[in-house]
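Engineer: Letter by letter, the chains look like this.
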Amino acid sequence: MITLTIDGDEVTVPPGTTILEAARGRDIPTLCFDERQAPFGACRVCLVAVEGSPKPLPSCTTPVREGMTVDTRDPTARRVAAAIVELVLSELPVAPAPHTELAQVARMLDVGEPRWPGETHAVERDERHPYLAFQHELCISCGRCVRACDEVQGTFALTATGRGFEANVAAGLDQGFRDSVCVSCGACADTCPTDAITEISLLDLVR
Amino acid sequence: MGGVSRNLVELVRRHHEQGAPTALEVLKEAMDRRGEITDDDRRVAAERSGLPEAAVYGVSTFYEDLLVPRGARHVRVCTGTACFAATGGAHVEAVEAALGVGLDQRSEDRSVSLAETVCLGYCHCGPAVRDGDTVDAGPGVLDRVLSDSARPAPEPRLTSLLAEPVLTRPGDWAGFTTARERDPSELLAAVKAADVRGRGGAGFPAGVKWEFASRAANPDKVIVANGDEGDPGSYIDKLLMEDNPHLLLEGMALAGHAVGARHGFIVTRSEYPRSKPALDAAIAQARAAGHLGEHFDVHVVEGGGSYVVGEETALLACLQGLRGTVSARPPFPAERGVHGHPTVVNNVETLCNIPFIAREGADAYRALSPNATPGSKLVCFNERFARPGAYEVPFGMTVRELCEDVAGGMDGPIKALQIGGPLGGILPGTRLDTVFDFEPLAAEGCMVGHGGIVGFDAHTDMRAVATHLLRFGANESCGKCFPCRIGLQRAHAMFATGAPIDRTSLEQLLEAVEIGSLCAHGGAVPAPIRSILAHWPEEL
Amino acid sequence: MFDSSVTTTCGYCGVGCRLEAHTRNGKVATIAPALDGPANEGHTCLKGRFAHQFSRRRDRLTTPLIRENGELRIASWEEALHRVVSELTRIKAADGPDAIAGLASSRATNEDCYAMQRLMRAAIGTNNIDNCSRVCHSPTSFALRKSFGLSGATGSFADVDHAGAMILIGANPTEAHPVVGARIKQAVLRGLRLVTIDPRRIELSDYGELHLSPRPGTNAAVMLGLAHVLHRDGLTDPAFIAARTNGYDALLELLPQYTPEAVEEITGIPAADLVRAAHIYGEAATACLTWGLGVTEHRYGSEVVQLICNVALMTGNVGRPGSALLPLRGQNNVQGSSDMGALPDTFTAYRSVGDEPVARSFEAAWGVDLPRAKGYTIPQMFDAAVAGDLKAMYIFGEDVAQTDPNTAHVVAALESLEFLVCQDIFETETTKYADVILPASSFLEKAGTFTNAERRVQLVAPAIDPPGGARTDFDIITTLSRALGHEMGWASPSDTMDEIARLTPDWSGISYERLGRTGLQWPVAPDGTDSPILYTERFELPDGRAHFAALPYKAPGDAADDEFPLILVTGRRLQHYNAGTMTRRTGNVELNDRDYLEIHPDDAARLWVSDGDTVSIRSRQGRTEITAQVTERIEPGHVFTTFHFPETRTNLLIGNSMDVNTSCPEYKVIAVDVRPIGEEASMTPALSSA
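Protein chains in written order, with our numbering: chain D, 1 to 207; chain H, 1001 to 1540; chain C, 2001 to 2690.
Simulated from the structure, these hints should not be mistaken for lab results. Predicted model, so just to flag it, every value in this text is computed and none were measured. Be careful, since some hints might not be right.
[Stated by the list, open to error] Some residues of chain H that are not near chain D, with every Cβ distance over 12 Å (derived): (1) PRO1052; (2) GLU1096; (3) THR1178; (4) HIS1246; (5) GLY1389; (6) GLN1508.
[Said to hold, decoys possible] Listed below are several chain H residues computed to face chain D (Cβ distance under 7 Å; list not exhaustive): (7) GLY1002; (8) PRO1273; (9) PRO1277; (10) CYS1481; (11) ARG1490; (12) ALA1512.
The C-beta atom is built at its ideal place from N, Cα and C for all residues, glycine as well.
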């Protein structure tokens, strides 16, 4: 077992545990994390300060070490996390619905008006499937849907596409859910933090 | 954890063991054959490689070589930093005008297409243009492109300043022949004692990496030579791979011996079309001579056009035919890499240092640069200098000595230097007495990086340089992590508008990108921008 | 966002996903998987997650209906119940209690099924009660009890994660038990060595190490062949066999004739592949055996399950983590409906109706005398109806006219009855023959428990009310019983479970409070300790030892011949559940709108059939029409289809062949003839290979 200090409290966990797992219940914001999937390390919002490290570290992909001292409220970590969430909000053409994880995290980090507004994602919608709707403009490329389809369901119907700012997600050969090998399990909709993928019947909640 | 899908890697591994090609290989073949990629090509790639169709689609939208439909004549213009330094970027529009087609477009009649590429490795005589597979560069290149008479550009020269050259000495397998008779632990100890720091930019001690991999439980280990670093302004790896392939192969074989690996891969850049053929020929020779074989063999894999694939986890993804995105570490490649096996990833130049150590020992290696980082370094210069080319130098010389004594200085004062690649800080001409070594350069906000030195002359507009670097950074972002994916686009947009820069806002943005990014791409793009903000604030 | 949320258990398949149902305006707005569901761990499939719109479809039954002069008319509950009571009372008086039979729904809760069997036994006075496990896993129940002692999986789904190897035979979990299928697939990608055995290549075959394609009906030979190789190549666990089993010698006498070559003759499986399969299983430190209806729905299905048990016993792969036998129970509560004794020959926990002490304990609890003779199984009910011995049936939550074999016979039976009362949520093929229809509740509208395929009893909580005048099955059955003169004395299903626990030692520690969010796997001791793994110390047979079964291979009930040259196998697809009663009334029809006949390209070519053609399919029993789907998943000589759409009338084709021990119909081996519509029999070109 490994003992470390998080926000002044001593915590003991098995080796291989990540800081995020060890800090369960301490309200570290995340966007690309889903406990049903392996940690991904894409959003960088879960940053915490670790004594001895010159930069804050992503808690979801950093394993604990004996004697580690972690500060989950470090000002630099939180400032950078808030800036990142601000950037994410700025790439969406509309604000995320209040119930979404993204909106919740933005509230938690007290994110204000975007300092760096600019180009937003093109609106592109696929609503041909009886249950699943994909609003590509709300996609923040967190990868959770792709990983749900890979690591949980095992159908591999989704993929990340493009590069850089143009990055997004597609089903099959960009065929949409219905014409791809998707088995409609809904794991993607369940994990999506912005409702880019959501149930058609719940679209009125989002729009 | 961290990124590359374990399931996809497992599917790739299973199919690799049956001799299947990677999805990237099949897609590149289709592109080379017909100039474009259709959904049918993707389905074929999925079936042959074992990768799910969606994943293949994702691969086909990631690599530059697969994105621009090609005409009968496919021209690629280099938009790298050295070519930028040569013309201020004007050559790009000139080529568009000459061909009558815009960047990343194909003419209506499909006779000609134009794409951008970064970098072709002809920084010593830029600007460079690739017409089909002929790379032309230097004076008159635009005329020759216009008249469809491109001819191969002169290759750069590699000279050693050392009494006993390490990297310019042709590989002769002498080191390997001796070492393979001895216990691997001896070689491992020598490499550790020699303190060989990675030459690709990170400077990580190679011996530590090797030791970690040699201890891994999984016996199927792999050595990967990273020939895909692709820094604009650097043609060092290109020279080593194309002109001294046996030195690299010997270095890999030595790594294999020390670590206990039987398989090796070299990932080359598709922007250097001559690298893979040169290496393949050398491999055939080495096999015939018995240096490579059952005990250790090497395969060359060509990339698909991406800069960030030079990062080691992205490199391994590319090698396996997946999207070249970066993975969080741990697990480190030495624990889980290619096909899930323990993998050592070393830069080409790093591996080329090993034969010397195997032959002469760690002490001799350390003696090459007394009171400085052990060993030697290749540096290369762009066409602005009087004697552009690549040089093997010891660590510890000053930047001034390198630029003026070795490279002959510029026509006029040196306004600025970007050292080590597009992610390196920019040294103003007033600071040339800085010592060329890891720590002294870091103190100036700069780095050794891969050793490419791009000089900017007095005419250079530093804001244009910043805009150029941010555009490059944003274009090459793999798109996985949020700060780099969005932040670099925003930073570039700030500069591209031409409006005065709000320094505070920019600094806050750069902080988020530098601290938040997943890898050194986003993490280091801010460095040169900060150099420009610090040393040339009036130009912004 | 939502008016209310409850955690409940899915009412579709035997995986038993835990779900969070959220409602708005009295309807289900969305369903999400529960992160702490032991069987599903935060995942579910399109049925549990999305296919809930049926609950508010306009054609839901919302009032009782009485048939008069051939037409159904609306009636009040009072009138309808009165009609049922008076008819049943009349028939009972005239022809005796055994002239009445009941069919309990395997989709309904344990409490509903317990109430039903109590009604039939105590209020009516007959043991004529059965449930649809008859037509799916009754062979499993029989065999597991014979070989090990208890009728249930020997381990849990979690054992999949700890197994080194798995043999998956006669099941297609990525379609029929999607969450378990996904779990197996992930385990395979992590290194689980999988052997799939099925006449068709299933999706998991593309990920597994080896696939065997036996001729339909030859599973027994496959299992005997595996046993032969395990013994021959020294892959057995002699210490385990000696300490914990009986009957090995008899098996050893049988095995020599089942050489890989002999088995190849019978099954068509290459000898080398059989040997490889045995080694994959036998060399693993822990190994699971998983099977489905492709094993049970055969003439000798129960024997095949016993042979499967043999293989586990020979290698000591039972009673420890990672080594489990996992029959994939189909319905959400088919395990439970049988556990509850909704069976003609047993009370709860499979204790015989003829067992004196047990019978007396129920007599004491219920205050009535109970019959000791076994009652009718479902097939016997139909035979008795046609013969005039069975006059009335009370069927709830079962569409026998669509799902049971030999539709013509089923219809004849239903038409022969003097009185048929159906309790259901929609009108079905069966309710066409009902005299009284009582509107009932779906899983989203009731409280109780379901027992999934890993013996896990989990709570069901209502998210919405039954629509209109519909009532919960619990309410209807207890009210009916009261009206028939037998008061059950329960205020709620929780009271029912308390009674079950009192009267059933294996359930003694179960209470709603203890079930909590994650349920309990029976047997549950009085202190609440449950049983993720059975037989860790002893088997539940009199001498504490498991029994080997020495059963030779015998040919299936049907075989291809010149007139019917193809073998039909029936099964399920992902998007629909069995008769499709619920899923056909959801968006799932947009994803799959009909039954298809899978046919190999070689057969299709010979028969001049193209993909998408409507074809005629004929068996010794009947004929129907269906759309062809040409695919290489199926082997030449076999065809496959589903029974999700009543228009297809697939079960018209199924005859009377059934399992020798349990009467489970042989849905998996039907000789058929397929041809394009309109073609005469004489025009069919002969198939060149057998």
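Engineer: Look at each hint and say if it fits the structure.
Structural biologist: The hints, checked one at a time:
| no. | hint | in the structure |
| --- | --- | --- |
| 1 | PRO1052 | violated, 4 Å |
| 2 | GLU1096 | holds, 22 Å |
| 3 | THR1178 | holds, 40 Å |
| 4 | HIS1246 | holds, 36 Å |
| 5 | GLY1389 | holds, 33 Å |
| 6 | GLN1508 | violated, 6 Å |
| 7 | GLY1002 | holds, 5 Å |
| 8 | PRO1273 | violated, 22 Å |
| 9 | PRO1277 | violated, 28 Å |
| 10 | CYS1481 | holds, 5 Å |
| 11 | ARG1490 | holds, 4 Å |
| 12 | ALA1512 | holds, 4 Å |
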